[in-house]
Each structure stands twice: as C-alpha cells, then as structure tokens.
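Number of protein chains: 2
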Amino acid sequence: MTDAPATTTEDTAEAFRPEARAPRGFADKRARDLRAERAILEAVSTVYERHGFEALDTGAFEYADALGKFLPDADRPNEGVFALQDDDEQWMALRYDLTAPLARFAAQNWETLAKPFRRYAYGPVWRNEKPGPGRFREFIQCDADTVGSARPEADAEIIAMAVAGLEAAGLPRGSAVLKINNRKLLNGLLTAAGVETQGQKLAVLRAVDKLDRLGVEGVRLLLGEGRLDDSGAFTKGAGLVGKATDAVLDFVQAGSGGRGETLAKLANVIGGSAEGDEGLNELSLIDAALKSLGVADDQAMFEPSIVRGLEYYTGAVFEAELLLSTLDEKGNKVSFGSIGGGGRYDDLVARFTGQQTPATGFSFGVSRLASALRAAGREPGGTARGPVVVIVFDQAHMGEYFSVASELRNAGIAAEVYLGTSGLRPQMKYADRRMAPAAIMLGGDEIAAGTVTIKDLDLGRQLASGVADNAAWKAERPGQQTIPRAELVAAVRRIIAGGETGQ
Amino acid sequence: MTDAPATTTEDTAEAFRPEARAPRGFADKRARDLRAERAILEAVSTVYERHGFEALDTGAFEYADALGKFLPDADRPNEGVFALQDDDEQWMALRYDLTAPLARFAAQNWETLAKPFRRYAYGPVWRNEKPGPGRFREFIQCDADTVGSARPEADAEIIAMAVAGLEAAGLPRGSAVLKINNRKLLNGLLTAAGVETQGQKLAVLRAVDKLDRLGVEGVRLLLGEGRLDDSGAFTKGAGLVGKATDAVLDFVQAGSGGRGETLAKLANVIGGSAEGDEGLNELSLIDAALKSLGVADDQAMFEPSIVRGLEYYTGAVFEAELLLSTLDEKGNKVSFGSIGGGGRYDDLVARFTGQQTPATGFSFGVSRLASALRAAGREPGGTARGPVVVIVFDQAHMGEYFSVASELRNAGIAAEVYLGTSGLRPQMKYADRRMAPAAIMLGGDEIAAGTVTIKDLDLGRQLASGVADNAAWKAERPGQQTIPRAELVAAVRRIIAGGETGQ
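Heads up: the protein sequence lines correspond to chains S and X, in order. Counting in numbering that gives the first Met the number 0, the first sequence runs from 0 upward without gaps. Counting in numbering that gives the first Met the number 0, the second sequence runs from 0 upward without gaps.
Identical copies go unnamed one by one, so any copy, or any two together, can satisfy a pair.
EDC-like cross-link-like pairs, simulated, lysine to aspartate or glutamate; straight-line CA separation at most 16 Å: (1) K129 to D85; (2) K264 to D245; (3) K200 to E224; (4) K200 to E310; (5) K209 to D228; (6) K235 to E224; (7) K129 to E88; (8) K28 to E137; (9) K264 to D249; (10) K428 to E110; (11) K200 to E274; (12) K290 to E260; (13) K129 to D87; (14) K264 to D276.
Hints listed in this document are in silico derivations from the structure and should not be mistaken for laboratory results. Values in this document were obtained by computation on a predicted structure and should not be read as measured data.
Sequences and hints are given; from them, build the entire structure.
Written as structure tokens, this is what we have:
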C-alpha cells in the first residue's frame, strides 16, 4: 500500500465495474497451502545451507536473449514465457526456471566469485502455457546448483542433498527414491553400435523415455521402424536395427538391484566406447561418494531408463520419484511420478562466455512435493490453528477485550477481538470458521467477579463430528468453563494442547 | 531446472553470445541481504499471525482492469506497471502492491469468507518506473489488512501490529514511531472554513505534505497565493484566505505531546463540522484501543501533518518513521523517513462490487526496514557464517573427506568438501572467502593416526585485521591444532562459539 498509485473510485451507478477474478492459470494460495510451502522451503533450505550452499535471489525478469531459447531472430519472442518490451526496446521475460538466471549470474560475476560457486534459490517461476485444472502458469521451485566443478562428487553431493531434502521435508524413508542416470552411457552405447547422428540419438532417448508407459515391447517398436498406437496414430521409430535395439533394451533394463549391481550389469552392456566408459567411471565415483555420505541403495539408485530434458543435460541426470501410489479424483490408483529432478548441464554458462563451465544441480517442485507429502499422510507445516477469539458482549468493555487479547499474545498465543458488528451467535460462528481453539467471553458479571468464561471450540467440533461422545455432550454448555481471570492463559494452553493431541 | 525448455548451445565461434547482465532496476540479492529480508519477514509474520491474521498469497499477475488505474480506455495500459496481453487478448499486469490484489480477492470471495477478513501477505511487487541507483523496479512488501470492519479499533489493531512488527524485527524502542492522522479532520476543518471543491482540498493536502521540507512559512505561502522557490519556479497555492490559512496551520502543528494532549488541541482547532467531529471521535477510539493494547505515546502518536496517498485513503492514515538519523555516502546526516505506511481505504473493494466495504491496513517496505535496522546498528538475521571447509589433500582420501563433512552436518554444522581442482593454498583462500569458521585437514598421517587437523580461520581473520595480537601470531601455524578424530565436532563447535563472541 506504500506509495500506491492513486486510484479513482467512480461514484455513479454507470461506473465501470471490473469482474473480480484472478488471471487464468494463477492461483490464490490460502493459509494451509502457504504453511505447507513454507515448511518445505524452510526444511530444504536448511539442508542446502548445511551443505555449504549460499542463498541467491535474482529478479523476476531476465533479458529474453539471456534465457537461451530466445535468439534474436526468433519469430515469437514470447513463446512459452511471459515477455514484454522495456521502454528501451529490449525484450524482457519472466524467468521460466531458476537455472537460466543462475547461468546469467555466474557468467556476469565469474571473476569475483569463490569457486566452485554453490548457491541455492527458491521462488516463483512462470510459464506461459495453456492453463487447465491443476496446471498453473506460476509455481515455486527450490534449487541447489554447483557451478565450476566437473567432479562427479559434485553430482553425488547434489543427489545426497536431494535425498536429505525429501526426508527433511517429511517424506518417510522408503516413500521416495532418487533415480540416477548418465547421458554419456547411452551415447557411448549408440556410438559403439554405429549410430552417429544427433537426430537418431534423440529419437532413441525419446523412445527410452516411454519405457514406463509402453513397456519393453512398445519401446522396441519405437527404437526400430515405429509404433501404431491404439488410436491408430503412427509414431516413426529411431530406425535402429538388430543388435543395436537389443543393446539399448538390455541397457534400459539394467536398473534393478543395488548401485553396485547395476554398475556391473552396465559394464557388460556398454561395451567399450570411450564416452560410455567415461559415463561408467562417473557413476562409479558418484556411487563411492554417496557411500561416504551415507546414502544407501534404497535412497538413491542407478536407473538407465531415466532420460529428462533432451537437449539440456550433458552428463549425469537425476530424478526424485514418489514410490507411494496415490488416488485420483475417481479413487483410481495413479503413479505420482517425479517430484523433482536435475543433472549436469555443462553448456549453459558457455552461452554467455564461450567457455565451457561445468555445472550440476537439482530442483524441487514445491507444490508437487507438498502433494506428495499429503499422499504420504503428512500435512506439511502441521494442521491449521486459528486464533483464540475474544467475543464482544458489550461495547462498553472493548478495553477489557483488548487487554485479554494482548495478554494471550504476550504469552505467545494467537488471539483477536471480534471486530465486526454482529451479535453473539454470528460471532461464535465466526470463531468456529476461523478454527479458533477457544472463544473468550467476558460480560459485566465476569468483569465484576474477576472471572472469565472460556468455550472449548475444539471440543465443540469433535462433538459435532462424533469424535467425542459422552458426558460433555449432555452438559448444558459443553466445553464451557468460568475461571478466575488470572488462570486464563493456563486454561487456554490446556485447551490448545488437548486439541493437538485430539483429546 | 525441472522440465526446462530445451536450449541449444552453439559450438561455432560465430555463435550469438548474449551479454550477461540483469535487467535495469532488478537486483541480484546475495546471502546477506536475503538473511536480513527473511529474518524481517519471519518476525513480522509472527506478529501478524499472533494477531489472528491469516496468510494469503495471490499470483504475480492481475488483470489490468482489476488494478484500478488501468481502465479499458487508458491510452497507455502499461504506464507505471509491467503489462502484457494474454493470448486471449486480455491485458494482465504484474501487481504494483499487495492491496489491489487483496481487494480483488475479497470481492471475488466475499460471500464465502469469515468476516471481518484479516489477512497478511508478503512478496515482491513491481513498478515500471525509471530505475536508478538504489531505485529498483522490484521490491518486497509485507502487509496486513482487515477487510469488512469500519471500527476504529480495527485501525488501532493495525497500528499496534506495526509497532510490534518494528520491535520484533529488531528496531529498539524509541528508534521509530507510528504517526497517525485522519483525513476527515482536515476535510472537516476545510468544510467549516468554506472550502468546498475537491481540487482545493487536494491542493491543501499537498501543501500540508510539505511541512517537513518547507516549514510553516513555506506551507503558509502554498496554502495562500503560492510560493516562489530558490530556483525561481513558482508553485500556485491553494488559494485559502485569512482565517482558513491560520486554522490549517494551527491544525498541522497540533501534533506535539502525547495522544491525549493532541486530541484536546485538535478539538479546539477543528471547530464543529460533522466530518471533523467524526474524525476526532475515530481518533479517540483508536487512542483508547491503543491504550488497552499497551501501545504507549512514544510508540504511536497523532500527527496532523501526515498526509499519504492523496486520492487513496478515506479516513485514518498511518506512517512508520525512523527517528534515528543516518549518514549519506558523503557522511552527511539525513533523515531516513518512512519505513512503512497505510490507512483506511473504504472504496477499493467497491470498485468491483459497487458496495462500500470498509478496509484498513499497513505495509512494511522490507528493504527500507532492513536499511533502518542497519542504521540502528543491528544486522537483521545476524552475521554471515560460512560452512566449515574440508580441504582435499589427496584424491585417494575423498571418502574420508565426505565422511568428515557428513559427521559435521549431522551435528548441525554447515560443512562442505572442496570440489574444485586447485591446490592447498587456493583451497585455503576459498575457505577464507566463504567466511568458513574453520578448515579441516586430513592427510595420510592423520588418517593413519586417527587424528584430524583443524585451522581456526576466524582467528586468522582476527590476526589479519589486528583484532587479535600476541602469542598466536608468533606461533608457526596460528590457530592450527591436531586432535583425535573423535573430538572433531566438539572442537569445531568451540571455534564457532569463539568466533561468535569475538574471542
């Protein structure tokens, strides 16, 4: 509200009245979702900081040319992003992730940074895509990246942080797993099999990426001539022949078992190309570092069928996957899938500087992580507690009501005086809708007697929902007690503690 | 990085290389500023929640028509804001404050909200203004607002929260004050003096707003015929005559002393218009509520010369002012001025619904509050502590290094293994630049002996800066000790504790 641009209110009935609606694909987040989001960001940030990553926040905008896909001769500079032209004619776009701004920042400040540069960041990113149910155009990411280290140990550390982040956020061990692959393995295998063109390699990656959905035989078709789907549409295949197809299929199925076992299987499949050996060596070093960091086989595994961002990653790739199945709106089991991912992208800083700069990182999708936690039966950030509501019995005693609210706040208890104009019954309803644990009632009699009446609204909600039965229900005023004013804070604390344990 | 749009790296020397630079007016915030920002938001949010305000976060965009000044027939729909046209042709704009989105949200959800609706919000807002040194186009606000209560007690509560927020953020009592006014007082006084036109009233407000800068005589000229400034420019005055001018000047000077004293003075000056009496009555009720809430005269005062957003506020207005003077770059004392403000704006929701909806709120400028805290000698969020850095002596022992880092992290100590490729001396320099409290060194000898060598880098920095003198400096390896590995965590904790107390 500070220095807000002036607005003019039209008094006439003919005044223009805009419709009150949020733009398509943008959500209003209320307390429960924000509590979840903040608890996750706090937990994951703590993990990142404990690993020596420093906080960085870049602005919402980047120049469009710095965002990578928006080369000067692009026809539609705003495709996929929200872009606008600044008054000096330069195109700016809202960031679509936190990695592109990091690459820009690292390139801009490279000479003065302590290297390797380790930073974490969180905040909204924006995608100008078609919105739909559950598909938003603004969402929160939480990333950690290391720029300036080519060591596979840097990848291992990123993986270890992702594992620790999942657990710190509240996902019980065993409910999620980090899946790790290395782009160089498949590249090497394809080179050894005589596949040389980038187009054919990308077609193979696209086929492998469908293993989950189509199974081995579906992928075999896509690796070869192509596949006709149930709707009759034909997808052209990668055009591999014979042994190459078998090698790829052996490769993508090598991921069961512990990391050591998978490494051994992969060594048999890859078969001697320099790039494949390099990928294998990197995975071995990642495995060794993960062991030293205490990351077990059930927390992080090698999974050769993991693909991710086709033209983006240059080496190791990571994906965090929820292992719990969840139910859709119709009650059907659905696999939840990825709750974050990342990998090594050695080319991003080079776009600015021309010099290859090794980089690796991981990004959590915070809303997806919140959904995953709920699927695991955890409410991130805990359950809502409204404020204690002080009921306004009599305007003459407003001072008393404010004193009571202050007393509770000073004791660390959220409290408010009802500030509407309605009578007692709507006030009690208000307190209930605010999820107040208790309502405080002070009439002239109580004030004269130095007492205060407290109504336990948690108990009221339990009675209403059938959780509590018994004597309380039969009492004329269930959960209501009149006590000396000096005992107010202690009594409210008891009610709040009782509500938290469900008593 | 999740699902980032693909980027293509050009390998040729002729490839387009964008310049790495942040857009004009957008800042990259590093750890120190973020620590300050987060500490302030955490402290102020806690105050807001304790007063029963619930968190709300609306999206970055609003439809331009919902933002108030951007009516459909405006010539330049993007003046003052960052606006773009969505693919359905609707104009959207990034929010320029947190109040306009609240008004939209309240209008959109009015039927289903528990009322009065009390919400707090924080986040970036964007202004498409000319950037300059210290003038950004993106900054963080932190607001609390009550929608649906016309009671002056709702204003008092907002004021009490602003006072509590300043202290919770770390500003010592006495270093800032809330100044309160009510638009109705001056309106009433002007009506009583025969001033009827809105234009003349605004001219009076503009004149009053310059009291700080021009003094009483300057304002007297602006209230009358006009004023010629030192540069020879003439500002046309409000055109008041005789007694009206004196009344306004008496009014704006009534603010010294406690709230009760000011109320008494104002009662003498206002002189009987209905609107003036209404304003006076509102201030009396605000004073009474502030007393009950424990807000003293030195924390919140009535100041009739406070103006704020001319066409925006409809009743009470508030401004938080830092009382400490600060030094500019040249070492001159400068008054710091406002670190937040707000007031009652009863017309904003009505833009959508046509029905007047009383609302009041306050907004902290978070960067300004951080600067104010630094002016008061407090570093918000505390001083930077880097991670403990484990030095890589020998590639063969990477596993040991990762174990040491894990052990420290599990004890809650930030730690990292150096992951670059440089030798010992650059590694020590890296640790120093990261503000590491200690460096850990493990060679083959130490590993064989079950020991570890720790270098106290805090001590090193103190020695270098002359804070510590003496024996340590003369020692061959100051601050370096070799201890049993089992004592690692305890020894690092001692070093960190010593650094924090400056020992």
